[in-house]
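Asker: Sequence:
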Amino acid sequence: MKRGQLIILTIILTSCWIVDNDKTVDKSIVDLNRQVLQKQIDNMRGVLRESTELVNQEYVTEDLEILTGLVNEIPKLKPNYEEFAKHLPGFQGKEYHLPEQNRSIEVGFDLTVTGDIYYGGYGNFVISILHYKQDILLVNINMYFTGQGHEFIRDVIIDHINFPIKCSSYGVYYTQTFDKNIKKYQALNIFPLRLTPTSDDYLETELAYYETMSNPTHFLKWGRSCGDGGGPTIGKTTIDSLTKSDNYKLVEDILYSPSVVGRIYAMQALERWDWNGEHSLTEKTKETIQKIKNLDVPFSVCDGCFVETMTFKQLAERKPWIDTRNWTKIK
36 MKRGQLIILT IILTSCWIVD NDKTVDKSIV DLNRQVLQKQ IDNMRGVLRE
86 STELVNQEYV TEDLEILTGL VNEIPKLKPN YEEFAKHLPG FQGKEYHLPE
136 QNRSIEVGFD LTVTGDIYYG GYGNFVISIL HYKQDILLVN INMYFTGQGH
186 EFIRDVIIDH INFPIKCSSY GVYYTQTFDK NIKKYQALNI FPLRLTPTSD
236 DYLETELAYY ETMSNPTHFL KWGRSCGDGG GPTIGKTTID SLTKSDNYKL
286 VEDILYSPSV VGRIYAMQAL ERWDWNGEHS LTEKTKETIQ KIKNLDVPFS
336 VCDGCFVETM TFKQLAERKP WIDTRNWTKI K
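Adding 35 to a residue's 1-based position in the sequence shown gives its number in my numbering.
Worth double-checking, as some hints may not be accurate.
Unchecked claim - Result set (PhoX-like, lysine-lysine): computed pairs, CA atoms no more than 20 angstroms apart in a straight line:
(1) K168 to K201
(2) K218 to K113
(3) K256 to K348
(4) K328 to K348
(5) K168 to K219
(6) K219 to K113
(7) K168 to K113
(8) K271 to K319
(9) K284 to K319
Source of the hints: derived by calculation from the structure; they are not laboratory data.
Take the sequences, apply the hints, and build the full model.
Answerer: Structure below.
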């Protein structure tokens, strides 16, 4: 297995344990029982026999130290951007290391996502913050695993930490919201922002869909097909699944999220339901959709092998069918 190679895997819904929220982070977590860990590694050698390298215990330990250190540090910081930057040097002016992305990305409605990446053993740690000016609303740590055997490595990480994380096909992620700043932003009536699902009854697979579509750090592309093979984008396959299952509430939650492309996919699904008479949109939802259409925020549009950056208005001029305001004359 190679270090430092960032592979964001196609979303394959998986299950994992959510650890008790009441537990506190203890530095001793990283002092692993090496015999237990080595036994786990030995048991998995049959699965990993096609790999050029077996799982490296030191790499796993390094990942645990980074993840534990980050999660232990963040709650101590004031939810203020300048304060945050003092303690995490990646936010002091270095470029954002994700391919073709700037370190700060405008997501509309006076909200900005800023981030950086830390390289570990098998994991790459993308730390992103959503902020309104200096007020931090959300901090997200995505740990992406690399190479063959990533699911086993992820499970080892989960076994040796005791703070609440969630699981995805690409690794694990940890999210912390700052309610005081969120309420402060919502009181401005700029945008009816939601950072968590409105229902406690969503299934684990539905929550995975929500995380994919609502997290602005995933840098989704809008489009029906993408790449040489012309396969559908992750956003399209996800929204299609939610549409087929008639999951109106979850799609509406995505509409109010900070994800630029996730909002557009949600907007299309909601308007299609309304147009076909399957669901009626509330006035609040209609007003929110109009605000999204008027945004002058660029996003990535994928059309086969070509990827362009444009605003919704530019996209609607190119592809009129995307906007229900044009449907009468198109149909």
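Asker: Against which earlier hints does the structure fall short, listed by number upward?
Answerer: 1, 8
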